[in-house]
Amino acid sequence: MEPGRMICGPEGLLNALEVALGLPPLPGSSEIERLISYREALQEYLKNDPSAFYQRSFEAESFSSSRVLLRWRDELRLAGWAAELEAGEPSPSRLTTFGAVERAASEEEAFLSGPAERIDRILTALKSGLRSGIDSISVVDPMASLPSKWRELLEALGAQYEEGMPDKPFAPPGSQLHFLQGRLLGIEGSGERAGDDTIRIVEGGSEVDLARAAAQNWTDSGSLLNAVLLVPPDGRSRLNEFLGQRDLSLVGGTEGNPGGVLSQLLPLSLRLLWGPFDPQAWLEFLLHPVGPVPRGLCFRLARAINEMPGRNNREWRRAIERAREKAADDTHQTARIETAISEWFDLPEYPREEGAPTEAVVDRVSRLARWMKSVGLAKQADDPEAAQSWLFTAHAVESFARAIGQLERVIPQDLDRLISLWLSGAERGARSLAELGGPVTLSSPGQVLEPVPDLYWWIPSASGVRRSPWTSGERNWLSSQGVNLVSAEALLEAEENAGYRAVLQATDSLTLFVPTGPEASRAAPIVTRILAELESSPTEEAISLIQVEPISVHPLPEPQRWWQLSDSSLLIPRESESFSSLSKAIYSPYQWLFSYQAQLEAGVLSGFGVDSDARRSGTLLHELAGKLLGPDPVSGEPQSVWAGMDQGAVLAWIEREWPAILAEWGAQFLLPGHEANRNRLLHTARQSLWRLVESLQSAGVTEVEVEKKVSGVPLGDGELNGRIDLVARSPKGIAVIDLKLGGKTMRETELKENRHLQLAVYGHLLRETEGIDPHTAFFIFRNFALLTRTKEFFPDAYPVSLANEGDASEWSGCWGEFLQVWDWRKSQFATGLIEVTTGDTEPDRTPPLEHWKAPDGADTYNDFDALTGWLRTS
Amino acid sequence: MAENLLEEKIEFVTASAGTGKTYRLVETVFDAVMDGSARPEGIVATTFTESAAAELRERLEIRFYGAQRHREVIRLREGYVGTVHSVCLEFLKRFAFEAGLPPEVGVLDENEGIHLLNQAMDEVLGSQSTVELMELARRIGQYDAWKDSYFYQDTIGSLVGAARANDIALERLVEMAAASWSEMQSLLDPPVDVDLDAGLASAIDAALRDMPEVPGTKGSQDYRRFLVGVRKQLDSGLPWSQWLKLSTETPKKAEIDASDPVRIAASRFEEHPQFHADLETYLVTVFDIAARVGDRFQALKRERGVVDFQDIEKEMLDLLRTSETCRETLSEEIDLLVVDEFQDTSPIQLALFSELGKCAKRIVWVGDVKQSIYEFRDADPQLIMDAVAGAKKLAPLDTSWRSTPDLVKFANALFAAPFKNRIDLPEDETIIQAHRALSSEAPASVEIARISSGLFNKGNGKPKALTNARKPEVFADLVEDILNRAEPITVKSSVSKENPLGKTRALRTGDLAILVRSHKQAQAIAGALNGRGIEVAIASAGLLSTPECRLAMACFRRLLDPRDSLATAEIIAFENEHPTEEWIEQRIRFVREAEEKGEDPSRWGLEGDLVSPALVWLEESREEEPIDLLSPLRLFDLACVAADASRIVARWGATTEHFRQREANLEQLRRLFCDYQDRCANLGIPATTMGLLAYLAEVEKRGEDQQALDPGADAVHVSTYHGAKGLEWPVVIVADLDSEIRSRLYSLRSVNLASDKKIQLSDPLADRGLRLWLNPFGKSGSDTLDKMEDSETGRDSLRRAEDEELRLLYVGITRARDRIVLPLETGMEHPWLNLVGAPADALLGLEESGVVSFDGSNSLSVRVADFLWKEPPPLPEPASEIDFPIRADQRTEKLLASLVPSGQPAIPGASIGEIIEFGERLAWKGNPDPGTVGDVMHRIFAVEILNPESDEGVRLQRISDLLAGYDLESHLEPSTVAATVDRYRAFVKEQFSPISEQVEVPFSYLNESGQRVSGFIDHLLETEAGPVILDHKIFPGKREDWEAKALSYSGQLQTYAEAVGSAGHPVTTRIHLVTAGAILEVQP
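Protein chains in written order, with the numbering used here: chain A, 1 to 874; chain B, 10001 to 11084.
Source of the hints: derived by calculation from the structure; they are not laboratory data. The beta carbon of each residue, even a glycine, is placed where N, CA and C say it ideally should be. Errors might be hidden in some of the hints.
For lysine-lysine, the following DSSO-like pairs were computed, each having C-alpha atoms within a straight-line distance of at most 30 Å [as the list claims (entries may be wrong)]:
| no. | chain 1 | residue 1 | chain 2 | residue 2 |
| --- | --- | --- | --- | --- |
| 1 | A | K744 | B | K10779 |
| 2 | A | K732 | B | K10232 |
| 3 | B | K10232 | A | K744 |
| 4 | B | K10232 | A | K373 |
| 5 | B | K10218 | A | K752 |
From the structure, some residues in chain B lie toward chain A, with a derived Cβ separation under 7 Å [stated by the list, open to error]:
| no. | residue |
| --- | --- |
| 6 | F10097 |
| 7 | R10550 |
| 8 | P10878 |
| 9 | K10894 |
All chains should be modelled from the sequences, with the hints used to inform the complete structure.
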């Protein structure tokens, strides 16, 4: 194309004219600023006319109401409507309202910078005699599909309308494509030649099949230099995956989803505005790949929140302290940490239902923009492309701050809506560039204006119909004033014709890739038309086009009960054992292998998350019991206030302490929508805690140690450690209590079968450290049941007898049995033998004590289930 | 009068299964347009699914295109063809201001809806009332102790939904609670004024006293423990199921006498005033809460500018009732209203269609009441039948285009009588004729598979029922038998109006479907078929647990976090290059060595004895791609491509078809990523990796992680009966004919409160009400429950359940095109099949193949075969190879297709020629952004060069406006800028004597390599000596940096020179340093 010529759309033309005519951008040209400005104008108008037609919708949701009304207003203006029209003869009431809103606005209002105003300015400049630099202009859109203001501008530029439709078929006579083109042009042609490959509709149940078929087609075609591919930008990255696999040139494109990772920082940081403290929002903010908080501090705080979902609690403070200690020698890092704390952590929260002052939100957004700008500037020297992304986003965030600044007060719903709007115009994530050798890619059929040998059309679709919002009365009145809105029919026809024009430009072949899977719900007009016009269907199944080669099958390993390691010396004894490690060794040796020998663990992302699940509920009840029975929080000394409490006092204590416990340990329960979970937990707490206290009281317990840590007890070549939930002491002796949320039946079974290993471990630990045989019990919160072997220590406990013969002592019998089984297991480990106790395999060896075999469901909570083999039917 | 007008407009067409309903709809619309009674844009046609809507739209367009009515197709697109919800949503958006809705109203997805409903419930229920409700729920059996779950949340949710679905005002709910209680109470023994608690307490105390402390038998020990437990609870409210249990439980014989008083005392629970009070309080409470929750739920949705599917219908109904503008406009516009699948219309949809119908000039409803199977989802077949009773009934479609003559005859014989007897359906709405013909060699269309465990009870000699574990294996035998027989089936597309015989081909796996009652049963059968190496297509959850998705997620996690050693191990295990023990040992060694050397263990799999290609590629991607800046979806794509997940998955086999299923599952997983990101964008919330993982966990927890289902797969389709609606297969096995019929007496029921009154189509929901009865005892049977079930309401509930089951059976049986197979278990009852009456007896009595006569006139050949359970065969060995799409061996480097001039690097060897300083520096104040100054100066130069003759005052004003437009008025003086421009213009004139000048000149050309280069030249002069290109740069740097700066643009200028070209004269290129007032010639 010779210099001086260009093909452009409406926006491109306006931009070029504004540059050539020396016109500055109109004030408030960002969409959000225009929207907020129009919203203000509409709101202002409602004060005078509270029954304006949009009042109810506006009150229900002002932003989308304003957005739609602004669009209507822009369409009216483009059709030639002006507020002055309403000043004359009586007009339909909705139009009168539009006129009044317009007239009440001052000239500086940002909404007065729409396309019509831009065209008006250009027209004024042209009328003043300024030259546009444009000698000639051709328009391929039908005149009827253009608003009158556009027609006026084009007329001022001396435009010629050329629909760009060829007057005869370009494809070789006798071909199916020729026949189709003839039909599209309304020329009765001779019969089609079926199956000549000039038209192909490739159908596929999935985009993968279609992309593979396209790649195959282009591999077979050889050169694509003369081909044109119609594909929207966001459809290209997927296609590229498969072009790359065939070593074809990539077609370039952008990611389909709005808002790249940088843009997401805006909603992420604004979610922190709202109270109550939302642990999940904080986790997402901290673990986002980029952010204003130094990474080390992020991970520490994330772990703290994961451990103890609350703010400024023990773990939180500890995390900050440790980050400070770690950075103590690095002044730069220390400064970054302190800045992050002051800029992001010590900020007020606002109740969602009340909203936040505008200044606070603007301040938060501005902080983010400042930080982004500083990162962008710092990157400029080494990575200008990245710097551009940062600065671009910083600029967009600033514009968001400006827009927000126009609001009186910010409520969460409005903020979410504005963010959603902002995201749709924000940076669209990663871009990739097209490579040489592929087809020329165009985004829409309207862009095909010259003959093309081979035209490919990737997933043609139908656009939605924009129906006129105006009643016939309103349209008639507008028409009487010379304001003629473009009809939906004209727009549909223009769209349809653009598709036909593209097809008519194809000289050799036309190939369409059409999905048939569940996502394909809307038939594209061009496909329907082709199918209707041709007698023989040109459809082919994508899968039948894909060239395949044999690949040898190597089925996934099937589950097997035993693994035999060739080098048993790899399995070294552990220096320190706990109930968890011993339990795994006995019941899930493969988990023991993966956890303790192979040291496999999930990464931070998989491990983090705040949910109101059973584990969290259990932790909360533990904490509650610990707080009631534990040491005095000030002196740290054991206390026994609980010993004098009656049921009412315990309940009153719960009422008093519950909110603080929740805020500190379970902030997720305080979020909207969690009341039921919270109350269920409170219900359990009320019922169970009194029962626990009652049991302790009736046992004459005088002192309770909470979370007692016991370590250094010899076991084999190593040592045994543990942390006991409660250790109760009375003149009669000592008892360990393990607190459980639920699972009464399982614990009963363990006691019946002498397999209550956890209690036995704690019993052994205490005996070895204190020299006393302790009593043992499980306390089940959900059933408020204290399960013991005997009633010796707890007279009102629920005793569970040993089901069969054996040592029926409280725990030492169990411990003895465990040692036998453990020896058996260790002897297996010594020979490299690992039992894989999953449900998909049948046990084939029994432990020396048969009842110690892995119970059903031993591997229910199992991180390693993908590693133990798959059934062949998987 | 309005009623008559409406009814007069309605035409109702009964379209039995397979009778060409869509064809009829298309012809109705086409004819109406062609005879001028309807404008294409005046068509409103609703269907029930997106796919049905798409098919209808496509067939309509093809019909009009085929008749050369192209303009009508375009006009048709202005009409409304879609699902009820999509059409109503379009109307609501269009008339949003009349409806008082946000005009860009969003549609709430189901999960978000549940979340908002919970939030509404939270706000309505204070802590105290929740706890009280929980305690009450526990007492009256509305609590599942095993799951620790209370039913009231679901009940309130159902009440809110049902009230809206039946257009019942929320404030009326409390009266419906009272009515429900009143109905229940009338069946209970009246309360007595006696302290029954005290009576029970003393009976228990006496029993405990009379029984030994440690009874001799385990049974009595348990009983005693039970008594101790309930005695403790008695003061704080003993659950009524425990009263029931006390009334029936006994210790062992020795202690039985002691327990008698307890049983007697407990058995009076029905007379207990508290029992009555509990039931009443619970009902009133949940109905009252539901009313308040419903209000709050609506408010929350309004605040968020969203509606759910029910709101769409309700809002549309209200809009039609209240907005004169809407009614007037639609009355002008709607010429023809067509409703497909009318039998599936819910009550509120019926009201909606009635209101919409008032605006339409003509109404056509097409449906088949025999296929109404959504009563559990608020459809009310009786209401529908009442609604169409007054309509003009057109002749039913009477020809099946789907099934063989024998299958049509079979369905006629089975269903004509029961539909007539049960729901008074005229026979001509059931009995149809077949269009298709069949050759005499064709196999029998009806087969009976007599299935059996092959085992017999020793005592009575009766056959033992097939267990849940064995039944699927028998089905697998049956499927294998059918597939092995590979009998011919007719190719659907070969049957036409003219050729009713069509062509045949051998049966393939994908031609067969099995219909079952539950997803669980479907899973079991799918498992058994998989065990035989038979491919299965089934709609089932568990997507995220499939090995392919586990692999993809492991790659995703590993890409993000190289320290995720579990993901690393999973990738190695899935790659399957090393036996499990080998890689485990390798891992342990690697970690130990890394520990000893103080090295990073996350390098495992990348170096040393075990190197995983997938991990290496993932690591390369981590290095090459900006991982931190990619969205979750992009990361997922990158992870799958980098690790070549497809190839790994393909190698697992066992068949090409199975590989395709696995790939489809990966696509399905990808769709979840898309859904998450779309949802975030819509809600204005951030899309993060953590958020995504939480979303996936939530989807999995809800069992909504559906595996891909390819309707075209060559696999046996296993579906529920409900899932099969609207589908068809050549051969269909209709399973579970022995299912029990259960009434839904204790579920929320919508009822017609004026059952004796004919419904008014103008307001069909005027008399709707809701009823809820409670079962306080869980699964335990009791006299109380027996009384309820024997009541008129109970019997009616059972009858309705049976009717629904009959319709479901009809839907199942009419899915087959060529053959139907009925598995009947020998010696067992078949309550479901028995709903058809005598024909069931004939089928159940058949022991061998032969001709069966159902009613004397209807006879057909039936094949009978026996299938006894036997040990399943071992799984067949997998194929050694499968087909995999060809790939290139490697990727070659390629040039970019297009170049941007400003991105071109400086040309080595480029030099600076002439340097001319023609004026003063452009002075500015402060620190304006150089980019902004550049932008404004480009515009000023452009307009000034194009318009050299402008009046001075006008041009100064123009410059002033431009500076103000860029907020630069405090930095630059218009006169200074004008002087700069003047100096430049004068210099250009003097230096180059241009013949012509152009500004902002667009260009686009292909360079030597074929790359497209496009851009704009700031200033292009045509001179005697050839073209001169001038490029403006704002460069406030020092004099000594000018040359280096100008040379840095040599690549850019080179592209300009190439774009302009010149036949004879050389093109010269120059950089104009605007701020310096200098021009430097750059010689590339």
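Under the criterion that the straight-line Cα-Cα distance not exceed 30 Å, is the pair A/K732, B/K10232 satisfied? 27 Å, holds
Taking 7 Å as the limit, does the beta-carbon of B/F10097 come near enough to a beta-carbon in chain A? Since the shortest Cβ distance to chain A is 5 Å, the answer is holds.
For the pair supplied as a hint, B/K10232 and A/K373, is the alpha-carbon distance within the 30 Å limit? 68 Å, violated
30 Å Cα cutoff - pair A/K744, B/K10779: Distance of about 22 Å is within 30 Å: holds.
Given the proposed pairing of B/K10218 with A/K752, does the C-alpha separation stay at or below 30 Å? Roughly 14 Å between the alpha carbons, so the hint for B/K10218 and A/K752 holds.
Close enough to count: is the Cβ of B/R10550 nearer than 7 Å to one in chain A? 5 Å, holds
Check whether the Cα positions of B/K10232 and A/K744 lie no farther apart than 30 Å. 19 Å, holds
Hinted contact B/K10894 with chain A - closest CB pair below 7 Å: Holds: closest Cβ of chain A sits about 4 Å from B/K10894, inside 7 Å.
Do the numbers back the hint for B/P10878, that is, is its least Cβ distance to chain A under 7 Å? Cβ of B/P10878 sits 5 Å from chain A, so the hint holds.
Checked against the numbered hints listed earlier, the structure breaks hint 4 alone; every other hint is satisfied.
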